[in-house]
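Asks: Listed below, chain by chain, are the residues.
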Amino acid sequence: MLRVEKVSTFYGNIQALRDVTIRARRGRITTIIGANGAGKTTLLRTISGLTPARHGLVLFEDKDITSLPPDRIVRMGISQVPQGRQIFSELTVEDNLKLGAYIRRFRKRSDIMRDKEFIYELFPILYQRRKQIAGTLSGGEQQMLAIARAMMSRPKLLLLDEPSMGLAPKVIQSIFKTLFDLHEQGLTILIVEQDAKIALEASDYGYVMRMGKIALEGSAKELLENEEVKRIYLG
Amino acid sequence: MLSLEKGVRLPVRLSERRYALSIFGACAFLLIIITLAAKKSTGFQWILSGLTVGSIYALIAMGFSVIFSSTRVINFAQGEFSMLGGMLMYTFNNYAGIPAPYSFILSVLIVTIIGASFERLIIHPLKKPGVITVVLITIGLSIFFRAVAKWIWGTDTLAIRPFSGEKPFRIFGASLVPQSLWIFGFTLFAVILMFIFFNRSLVGKGMRAAAENPEAASLIGVSPSTTSLVAWTIAAALGASAGIIIAPIKFVSFDVGVMLGLKGFASAILGGLGYAPGAVLGGLSLGVVETIIAGVFPSGYKDAVAFLVLIVVLLLRPQGILGRQERLE
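Sequences listed follow chains A and B, in order. Sequence positions in the first sequence follow the numbering used here and run 13 to 247. Sequence positions in the second sequence follow the numbering used here and run 9 to 337.
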C-alpha cells in the first residue's frame, strides 16, 4: 500500500535519512523501532510531506506522493498522529474531532456524525470530556484525542509517531489495544516507537533504524527473537 | 487515574491574561471617571468621539490580527485598503451618483478583490517566502497604492456625504453625528460576523487551529495557502469598510492610509496581536485615550499618543493586554 523507495531527506545540510526503503502492506501493522535520533520521526514527516524527500520516491497506492503538500497527502488517505500529540489545545475536544474531518467538510453531515459516534464508542472518556478545552486533558486522554482526530479523516493508512511517549504502562496498553481493534476492522497502520516490545508484539512486520538507515528488517516475530534486537532495544 | 485530573490544569497564561486585563480595566475606569468628573459633558463628548474613531481602529486592527495569526506577516498595506475604500466610495457615490448602499457594497467588493488577488498573484507564487520578505512586499505595495491613488484622485482632500444626514443629536449634553451610529453599528456587525466565522464555521476553526499549530493543522488537511487567501480577503474587506464609514467624518485623501494603518497597528499591538478580541479592545481604548489627550493637551500631540502607547506596551507587556506569549520553537 505504501512504498518508500530509497528516500534521502535533509534538514538544511544535515542528512537525516539515507536511502531508506520500507513497505507498509495493506491491512497490516508495521513498526519501525530505533533509538532517539535514528530518523524515525523524519521518515514519518517525509511520508506526510512535512519535510519532503530530496531523493527517492514515496508511493501510496502506486501514486507518487513524494512532493505533494501535507494537506493533499491527507486527502489521499494518509493520516498522521504526530509526535507529542499536537492537539489544538485551545479548542474543545469536540472541535478537535470536527477539525479531524476537515477534508470531508463538503460531505454529508450525517456521515461525520456517525464517525463521531464511532470515535466516542472507541474512546468513551472523550465523550465525557467533549466540551472541555483540549489543553486541560491528561497526557493519555490527549493521545486518545490525537488518534481520534486522525481517524476522523477516515484514513486508509494511519501513521503514529511514538504513541507511548510519556504515558503510564496501563494507558499504553489500552491505546495499543484500541489500535489493534482498528486494525482488525481493516485499517493499515505504520507505527514508529521507542518502546520496541509493545510495538513489535502488536505488529506483523518491523524495521530497525539506525543513523538514518534501515539496519534490519523482518517479521515481528523474527525481530523479537533476534539477539541483537533483544540486547539493544528490548533490554 | 484519569478522573483525578478533571479540568484542574488551567493554562497559567489564562490567569495571567486576566491579571493584565484587570489592571488595564482599572486604568481605563479611572481615566474615564477623572475625565467625566473634571469635564462633565465635554468629557462625555470626548469618550463618544473616542469610541467612534476607536471603532475604526478596531476594524483595521482586526485586519492586522487576522493576517498575522495565520501567516505571521504584518501587512503594512492594511491602511491602504481603507484609503482605497474611501476613494472608491467617493467615486461611486459623489462622482457617479450611485446610491450610498450600492456604492458601499461595490467599493468593499472591489478592495476585497484587490486584496485577494494580491495574495494570489504576488505572495502565493513565492515558494515558502520568509516573513520579512512578505513584510517588505507589503511596504512596497502600500507605496504603490498611494502612488496610484495620487495619480487617479490627485492630492485633494475629498468629502463623502454622511450616510444619513449631518444633523447631530444630543445625549447627556454631548452631541453625536448620525454617522457615529453607523460606525458603531457596522463595527458591532463586523465583530459578530468575525465571531461566528472563527467560532462556528469549520473553515474558521481550521484557521484558528493553523494559527495555534500550523504543522498539526496541515496534517488534518488545512492548506496554508487557503488560510492565507481567506485571511487576506477578510483583512481587505475590514480595511475597506473601515475607510468608507469614517470618510464622512474625517474626509479622505491619497495619504490617509498611512495614519489609519499605523493607528490600527498600534491598536493590534495594544490589545494583543493575532487575537481578534484584543484588536477590538485595543482599537476602542486607543481611540478614547487619543481623544482625551487631544482635549487636554494641544491637539497636535494626538498622533504621538498612539506611538507612545505602542512603545509603552512593547516595553511592559510585549504580547499586549489579551495576547499570549509566543511559544519558542
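It is worth saying that the hints were derived from the structure and are not from the lab. Everything numeric in this text was worked out from a predicted model, so none of it was measured. Glycine included, C-beta positions come from ideal geometry on N, C-alpha and C. A portion of the hints provided could be inaccurate.
As the list claims (entries may be wrong) - Label-pair restraints from in silico Cβ distances:
#  : chain 1 : residue 1 : chain 2 : residue 2 : range
1  : A       : S101      : B       : S233      : 20 to 28 Å
2  : B       : S233      : A       : G151      : 48 to 56 Å
3  : B       : L38       : A       : N48       : 50 to 58 Å
4  : B       : A104      : A       : G96       : 37 to 45 Å
5  : B       : L322      : A       : N48       : 37 to 45 Å
6  : B       : P285      : A       : S20       : 42 to 50 Å
7  : B       : T234      : A       : K209      : 54 to 62 Å
8  : A       : L71       : B       : D263      : 52 to 60 Å
9  : A       : S122      : B       : L201      : 24 to 32 Å
10 : A       : K168      : B       : T234      : 19 to 27 Å
11 : A       : S101      : B       : L201      : 24 to 32 Å
12 : B       : P285      : A       : Q140      : 47 to 55 Å
13 : A       : R142      : B       : E24       : 22 to 30 Å
What the hints assert, rightly or not - Over 12 Å on every C-beta distance to chain B, these chain A residues come out as not near it, computed from the model:
#  : residue
14 : I34
15 : G49
16 : R66
17 : R97
18 : R161
19 : A162
20 : R222
21 : G230
22 : S231
Stated by the list, open to error - In silico DSSO-like links for lysine-lysine, alpha-carbon gap of 30 Å or less:
#  : chain 1 : residue 1 : chain 2 : residue 2
23 : A       : K75       : B       : K135
24 : A       : K18       : B       : K48
25 : B       : K48       : A       : K225
26 : B       : K136      : A       : K75
27 : B       : K135      : B       : K310
Asks: With reference to the structure, classify each hint as holding or not holding.
Replies: Hints, verified against the model:
{"no.": "1", "hint": "A:S101 x B:S233: 20 to 28 Å", "in the structure": "25 Å, holds"}
{"no.": "2", "hint": "B:S233 x A:G151: 48 to 56 Å", "in the structure": "33 Å, violated"}
{"no.": "3", "hint": "B:L38 x A:N48: 50 to 58 Å", "in the structure": "55 Å, holds"}
{"no.": "4", "hint": "B:A104 x A:G96: 37 to 45 Å", "in the structure": "58 Å, violated"}
{"no.": "5", "hint": "B:L322 x A:N48: 37 to 45 Å", "in the structure": "39 Å, holds"}
{"no.": "6", "hint": "B:P285 x A:S20: 42 to 50 Å", "in the structure": "46 Å, holds"}
{"no.": "7", "hint": "B:T234 x A:K209: 54 to 62 Å", "in the structure": "43 Å, violated"}
{"no.": "8", "hint": "A:L71 x B:D263: 52 to 60 Å", "in the structure": "57 Å, holds"}
{"no.": "9", "hint": "A:S122 x B:L201: 24 to 32 Å", "in the structure": "28 Å, holds"}
{"no.": "10", "hint": "A:K168 x B:T234: 19 to 27 Å", "in the structure": "23 Å, holds"}
{"no.": "11", "hint": "A:S101 x B:L201: 24 to 32 Å", "in the structure": "26 Å, holds"}
{"no.": "12", "hint": "B:P285 x A:Q140: 47 to 55 Å", "in the structure": "29 Å, violated"}
{"no.": "13", "hint": "A:R142 x B:E24: 22 to 30 Å", "in the structure": "27 Å, holds"}
{"no.": "14", "hint": "I34", "in the structure": "20 Å, holds"}
{"no.": "15", "hint": "G49", "in the structure": "18 Å, holds"}
{"no.": "16", "hint": "R66", "in the structure": "15 Å, holds"}
{"no.": "17", "hint": "R97", "in the structure": "9 Å, violated"}
{"no.": "18", "hint": "R161", "in the structure": "7 Å, violated"}
{"no.": "19", "hint": "A162", "in the structure": "8 Å, violated"}
{"no.": "20", "hint": "R222", "in the structure": "26 Å, holds"}
{"no.": "21", "hint": "G230", "in the structure": "30 Å, holds"}
{"no.": "22", "hint": "S231", "in the structure": "30 Å, holds"}
{"no.": "23", "hint": "A:K75 x B:K135", "in the structure": "24 Å, holds"}
{"no.": "24", "hint": "A:K18 x B:K48", "in the structure": "78 Å, violated"}
{"no.": "25", "hint": "B:K48 x A:K225", "in the structure": "78 Å, violated"}
{"no.": "26", "hint": "B:K136 x A:K75", "in the structure": "25 Å, holds"}
{"no.": "27", "hint": "B:K135 x B:K310", "in the structure": "42 Å, violated"}
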